[in-house]
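These are the residues of each chain, in order.
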Amino acid sequence: MSKLKEALDSGAFAAVAELQPPKGVRVEGMLALVAALQDRVTAFGVPDNEQARMRLSALAVSRLAQEAGGEPLWHLTCRDRNRLALESELLGAAALGIENVLVVSGDYVTLGDHPDAKPVYDADSVQLLQIARDLAAGRDSAGLTLDGAPNFFLGAVVIPEAEPLAPQLLKFEKKVKAGAQFFVTPPVFDLERLRAFRQSLAANPVKLLATVKVLSLEEAAQADTEEWRQVFRVPLEFLSELKDLEGEEFSRRAAELAGGLLKRIKAENLAEGAYLKAGGRVDLINLVLKAAGL
Amino acid sequence: MIIAERKPFAEIAAAVAPYEKILILGCGTCVAVCLVGGEKEVGLLASQLKLAAGLRGRHLEVGEITVERQCDLEFIQPLCDFIADYDCIISMACGAGVQDLGQLCYMKPIFPAVNTSFIGVNLEAGHYAERCLACNHCYLGVTGGICPVTMCPKGLLNGPCGGMFNGRCEVNPENTCAWCDIFYRLERQGRLEQFQGILPLHPYQKRTTPGKVIHPAYKRRYGAHEQA
Amino acid sequence: MAWVPKILAFVCTYCTYTAADIAGSARMQYPATVRIVKYLCTGSIDLLHILKAFEAGADGVMVSGCEAGSCHFLEGNLRARERVEYAQHLLEEIGLGRGRLEMYEVAASDAHKWVAVVREMTARIKALGPNPLKGGRRPAADLPEQQGGGI
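Chains as they are written, first to last, in numbering that gives the first Met the number 0: chain A, 0 to 293; chain B, 0 to 227; chain C, 0 to 150.
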């Protein structure tokens, strides 16, 4: 049984720390994070070629994290696989004891480090949720019966800050209909939109993990420019708190600010849990948790 | 119509470098409309080839013919008489035309002068945009007349992806998000319920290449009724 | 006998042609290098006319139309400019270089400018040398460095 599901169902505030799969096979550092944090967080997020940049297989990392004592939240992107690969990997994950799956469309290939790669998108995220749900019900997307059905705790992404919001909300409803049991937001810096989204959710039984991110120096510098194409917004007041800071001082302050946000999210009941992104650094995640009083 | 772009001259010149008698064959349909392979462009390429050869002290014999449609045997068959006089053929048609012609004149080397880009529309003179991927499974009826397969780079069928920002596409922010466009169109028409239904997985089987279509009225002639 | 460049001037009847006419009537002196071809509008100059001129051995081609905004047919001169730029690209592709072709704007009253642009074009073509296609006088390898386009 998924600890993440248990935590979200029980109303305990869940914390998921994101791992950073290496570009290569050196996994010690990443696994040290699992060992250091396994008692402090509920699960470990494992991105799948995040931002279309090739990294060590998310499924392999999920298994390694599990062996190191952590519970993985495996991301699965539609960008890199056709439906045969998506389904067989889902079965593979289940066979390895991985239950938590976060289904994502995936950033487009031209935005990543292999811009000439063939983008797949055989299924979109709504259809992939349906596929996973069908697998759990004992049949594949072609309608054929499985010999032993997997069990998943299915998540998807929702973007409360989307502009315009209406089409995003329609897609969110489709994801709920297709079987998503929990949702993860992009990094939140301004709680206003999250509050509004939370209120509109009243009738929905879905669980929400708000992403809290420790900004890096480069991201903070970019957030101020026109080129900024991330799906989250960083308010100017937030950036001004980080102004003129450099190196470790910057990271520590960014982690404290993230911790402050997390504290407010929890206090206002804006989410059932948090998804923490800190570039795979133990010390920063510890700082965030400490600042949030978790 | 089919939109194409002319290949760089250096590529064409390198391909036909061994030959002295060259026939350039234009096509008077799509590629003529998008200004890359019609009669005028045949003349320009012929002139360029002759000038470039002259600069190297060579003399080329360059023939120029433009047919109505290169993708139709009916229009290219009469060319058989002329082709014998040339060492090679440069076709300025789309990929379909080049192959049709190549099949007809299978003894002659044939070289394409254009890169076939997409099926698209004429925005204004010299400005074209893609609109159809020929997926053989049209969704336009439920997507407000805007194609998600083509206009969304990811071909998503159930709404905008997470990268949509201010109604713009993450892949190229100059483009609007296809799914936002679909939303607004359906909203304006009072048909948002079309957006709410989940579209199932796309039947890619319908697009197994090479595709083939037999018009129902001709099924008997081509023996297709035996399979059906 | 010294080589004298042959330059084809494709000119608009409403502006440059009139300017050239005034220059002639006023006995203004300029090099006898241009052969004028009169068009109803530079907008009707075809890319093929330009390429064929070079095929036939012209050392240079100048297109001269109305000043921007004063075309008798509203935007013929703007189209001519687009075509000249594309023709320059085509000439560059084949290795003849873009310098032998230029677009000018000369108003009907501006005979002095006509004289100036003919002098300028003549100097440019003299620097570039004869059209290497003319009778295959010089192989391509011996061509002098060609200067870039634009004024």
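Calculated directly from the structure, the hints in this document are not laboratory data.
For clarity, every value in this text was computed on a predicted model and none was experimentally measured.
Hints should not be assumed to be uniformly reliable.
Below, in silico cross-link-like pairs of lysine to aspartate or glutamate (EDC-like), each with a Cα-Cα straight-line distance of 16 Å or less [what the hints assert, rightly or not]:
hint	chain 1	residue 1	chain 2	residue 2
1	B	Lys6	C	Glu91
2	B	Lys107	B	Glu192
3	A	Lys176	A	Asp133
4	A	Lys289	A	Glu245
5	C	Lys51	B	Glu192
6	A	Lys265	A	Asp189
7	B	Lys39	C	Glu91
8	B	Lys211	B	Glu63
9	B	Lys6	C	Asp45
10	B	Lys205	A	Asp121
11	A	Lys176	B	Asp99
12	B	Lys107	B	Glu73
Right, here's what the structure says about each hint:
no., hint, in the structure
1, B:Lys6 / C:Glu91, "15 Å, holds"
2, B:Lys107 / B:Glu192, "57 Å, violated"
3, A:Lys176 / A:Asp133, "13 Å, holds"
4, A:Lys289 / A:Glu245, "22 Å, violated"
5, C:Lys51 / B:Glu192, "61 Å, violated"
6, A:Lys265 / A:Asp189, "14 Å, holds"
7, B:Lys39 / C:Glu91, "19 Å, violated"
8, B:Lys211 / B:Glu63, "32 Å, violated"
9, B:Lys6 / C:Asp45, "21 Å, violated"
10, B:Lys205 / A:Asp121, "14 Å, holds"
11, A:Lys176 / B:Asp99, "49 Å, violated"
12, B:Lys107 / B:Glu73, "19 Å, violated"
When each numbered hint is compared with the structure, violations occur for hints 2, 4, 5, 7, 8, 9, 11 and 12.
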